[in-house]
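Engineer: From first to last, the protein sequence lines stand for chains D and R.
Residue numbering for the first sequence follows numbering that gives the first Met the number 0, starting at 0 and increasing by one per position.
Residue numbering for the second sequence follows numbering that gives the first Met the number 0, starting at 0 and increasing by one per position.
Honestly, the hints are just simulated from the structure, not real lab data.
Be careful, since some hints might not be right.
Some chain D residues close to chain R (C-beta under 7 Å, calculated; not the full set) [as the list claims (entries may be wrong)]:
#1 Gly28
#2 Pro30
#3 Ser37
#4 Tyr155
Note that the Cβ used here is the ideal one computed from N, Cα and C, for glycine as well.
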Amino acid sequence: MSGSNHISRRDFIKVTTGAIGGFIAGVLGIPSIAYMISPALREDKAGKPMPIGKLEDIPIGTPHPFSFTITKVNGWERTAASYGGFILRKSEDPNDILVLSSRCTHLSCRVNWNETAGAFLCPCHDAKFSKEGEVLDGPPPEPLGHFTHEVDAEGYITIIPVEQKAG
Amino acid sequence: MRSTLWQKLFSWLDERLGLNDAYKNLLDRPEPKGNWWNTLGSASLFLFILQAVTGIFLTVYYTPSPDHAYDSIQYIMTEVQFGWLVRGIHHWSASLMVIVVFIHMLRVFFTASYKYPRELTWLIGIGLLLLTVGMGFTGYLLPWHQMAYWATTVGTQIAGSVPFAGEFILKSLRGGPDLSALTLQRFFAAHIWILPALLVALIGVHLYLIIRHGESHFPDKED
Ligand code: HEM
Ligand code: FES
Numbered sequence: 000m001s002g003s004n005h006i007s008r009r010d011f012i013k014v015t016t017g018a019i020g021g022f023i024a025g026v027l028g029i030p031s032i033a034y035m036i037s038p039a040l041r042e043d044k045a046g047k048p049m050p051i052g053k054l055e056d057i058p059i060g061t062p063h064p065f066s067f068t069i070t071k072v073n074g075w076e077r078t079a080a081s082y083g084g085f086i087l088r089k090s091e092d093p094n095d096i097l098v099l100s101s102r103c104t105h106l107s108c109r110v111n112w113n114e115t116a117g118a119f120l121c122p123c124h125d126a127k128f129s130k131e132g133e134v135l136d137g138p139p140p141e142p143l144g145h146f147t148h149e150v151d152a153e154g155y156i157t158i159i160p161v162e163q164k165a166g
Numbered sequence: 000m001r002s003t004l005w006q007k008l009f010s011w012l013d014e015r016l017g018l019n020d021a022y023k024n025l026l027d028r029p030e031p032k033g034n035w036w037n038t039l040g041s042a043s044l045f046l047f048i049l050q051a052v053t054g055i056f057l058t059v060y061y062t063p064s065p066d067h068a069y070d071s072i073q074y075i076m077t078e079v080q081f082g083w084l085v086r087g088i089h090h091w092s093a094s095l096m097v098i099v100v101f102i103h104m105l106r107v108f109f110t111a112s113y114k115y116p117r118e119l120t121w122l123i124g125i126g127l128l129l130l131t132v133g134m135g136f137t138g139y140l141l142p143w144h145q146m147a148y149w150a151t152t153v154g155t156q157i158a159g160s161v162p163f164a165g166e167f168i169l170k171s172l173r174g175g176p177d178l179s180a181l182t183l184q185r186f187f188a189a190h191i192w193i194l195p196a197l198l199v200a201l202i203g204v205h206l207y208l209i210i211r212h213g214e215s216h217f218p219d220k221e222d
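Construct the complete structure from the given sequences, taking the supplied hints into account.
Structural biologist: What follows is the structure, encoded as C-alpha cells:
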C-alpha cells in the first residue's frame, strides 16, 4: 500500500477494533475501579476539640496518660476508636505543656511511659523515646507526634485530635 | 519472515497449551444455519457471567446481617461510586436471566433438540433452570426490606406445605421455625457459594455436551 494515502482494510479494522476495544475497556474499567476504591477517596473530617484533663491534676515533670474516643461513621456503621497520648507539664508555667501522641512512629503500636526506664517504650520492636518524644533507640524514623492544645481560664486542656508531626 | 516477539511468545505458549487446537475445537465448530433463537444459550451464559462479576462486586460492601443488610445496600446505592450501576445491573439481569434461560428451554423444546443424543443436555438444562430460579429466590431476601422479608416468609411457607416432610423443609430453609439472622446467612451462603458452584459445574457439563454433539439442526419441512 506504499504510496497510497488510503489506509488498507486490514489497518482500518485493526484501528477500529483497538479503538472500540479501548472504549469498552474504559467503560467497564473506570466504574469498576471507582467502585472498589470509593471509600478510600472520602476525606477524613478534622475532629472537634477534645477535652483531655485539668491542669491541676497533672503532675509536673512526668508524662501523664490521657485517652479519648472518636466515633466515626464508616460506611453503614458507627465505629468508636480510642486514641491516647501523654501530657507533659515541663514547668509550673501553664503554657509550658507538650501533648504527645502515643502512636509509635515506627509501625503504629502504642507506646507506654516506663518510670524506671524514664522513657516511652514501644512493646512491638523495642523502640525507646525520651520524655519529650525524641527517638533514643530502636527503628522509629522520627520523634513522637503531638497534638495542638489550648488551656482555658479554668485550666481545662483541650486538643485538636489530629496528630501533628514533631518539629 | 522474521517473527515478532509477540509471535514467538504465542508459539511458545501454543506448543505447551495447544491454543490453536483449543480454538479449533471450542470455537471453530460447524454450526447449523444461523437462527437467532440458537443464541439464547450463549445469552444465558453471558448473563450468568455478568451476574457473577456484579455479584462479586456487591459482596465488597454488602453485609448479610439483619442489623446491617439494609443499611449496607443503602450505602451501596447512595455513597459508593457507581454502586447504583453495579446493583442495578445485578438486580435487573437477575430477572432477565430467568426469562432468557426459560425461553432458551422453550426453543430447545420447540425445535425438539432434546431428542437423542441430547437427552442429558436437556436434563442438565432442567437443573440449570432450577438453579437459576434458586438464585433468584435466595437473592431476593438479601436486601432484608419488607418486601424481601415477606416474600421469603411466603416462599418458605409454600415449601413447607409439602406433605410429611414439609415442616422439616421449612425449618431447613429458614434455619429454624422463623425467619431470622440464620435464614439471611444461609440464603447468602446459598446465593454466593452453593448455587453458583453447582451452576458452574452443570454449565461445564452442558457446554461439554454441546461441543461433543454439535448443535442440532433446525427442523425443516421434512422433519
Ligand atoms: C444457566 C442456564 C443455561 C445456560 C448458561 C445454557 C447454555 C447453553 C448454550 C451456550 C447452548 C448452545 C447454544 C444454544 O443452543 O442456545 C445450550 C444448548 C442447549 N441447552 Fe442450554 N443453557 C441453560 C439452560 C438450559 C435449560 C433450562 C435447558 C432445558 C431444560 C437447556 C437445554 C439445552 C439443550 C438440550 C441444548 C442443545 C441444543 C441444541 O443442540 O440445539 N439449557 N445451552
Ligand atoms: S511499632 Fe514501635 S517499634 Fe515498631
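Engineer: Decide, hint by hint, whether the structure agrees.
Structural biologist: Here is how each hint holds up against the structure:
1. Gly28: violated, 11 Å
2. Pro30: holds, 4 Å
3. Ser37: holds, 4 Å
4. Tyr155: violated, 37 Å
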